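Turn these sequences into a full structure, and let the hints guide you.
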Amino acid sequence: MVQEMEKVGVVGAGQMGAGIAQVAAAAGCNVRCTDISKNACDKGKASVAKSLARLVKKERISEKEADTIATRIVWSTDPTLHADREIVIEAASENEELKKSIFAQLDACCPAETIFATNTSSISIGRLAASTTRSDRFIGMHFMNPVPIMKLVEMIRGIATSDETYQRVNALAERFGKTTTLSQDFPGFIANRILMPMINEAFFTLMEGVGSAEDIDTTMKLGTNQPMGPLALADFIGLDTCLAIMRVLHDGLGDSKYRPCPLLIQYVDAGFMGRKSGRGVYTYD
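With this note's numbering, the residue at position 246 of the sequence shown is 246, and numbering never jumps.
Don't read these hints as lab results, they were simulated from the structure. Just so you know, these numbers come straight off a predicted model, no measurement behind them.
For lysine-lysine, the following DSSO-like pairs were computed, each having C-alpha atoms within a straight-line distance of at most 27 Å: (1) 151 with 43; (2) 7 with 50; (3) 64 with 151.
The following label-pair restraints were derived from C-beta to C-beta distances: (4) 184 with 227: 23 to 33 Å; (5) 211 with 97: 32 to 42 Å; (6) 255 with 63: 45 to 55 Å; (7) 252 with 57: 38 to 48 Å; (8) 36 with 207: 34 to 44 Å; (9) 167 with 144: 13 to 23 Å; (10) 108 with 53: 29 to 39 Å.
For each residue, glycine too, the CB sits at the ideal point set by N, CA and C.
As structure tokens, this is what we get:
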């Protein structure tokens, strides 16, 4: 029988981290979510409150249940609060050096038995694990955005991830109400190995004038039954994140078919990051 985990830590109070904290708390776990700034923690707390309010409005949970879920999450700027956690899930920006520094810090304050999981969507699990002293207790746990709504968690085993670690973390994801898939540790894993080249090709299609952004998105939405077109999806994900993943694919696999589209690079260089900046392929209020 797999030993359940009750004490969950989350590093990063942004959109992904706050969502992970919410689903963990909704599953009955005791959660601590940390970030480097109080402002980020306040935004994360407000994001969870807004998400829970929507669920109450849709009558999926009661107000009492929403209050109970919210009280299970402690928000803090103190990373040492993770010292008693059974698992810590990192959900920082898609930057390898930043993630390594976070795990090195966690490695110093958490006991040897604490499992580390990363929400990276493309970076090598093995390389991140190597920044710690617990490669066997290190795993990829890639949630989809928005976390409370999307059902998938992509599990990624590093070369040293133990069977016990995989089984316990997979069971935790299922306790969160998620369906899991298993990917080996190759650049982009399964989801982004397929998704990001499609988004990148949509930028090439736009750059070469094959169609307008609206026509490209409408064609893919109605022609392939996707909930949103690839360019709108890129804005939702963040163009900087899409570019970072394409660079991981290009560098890691060495194939020119993964070269980032110059138009995507141009948008990111101009600060057009998508919805979060108010401007991407489309303009947002």
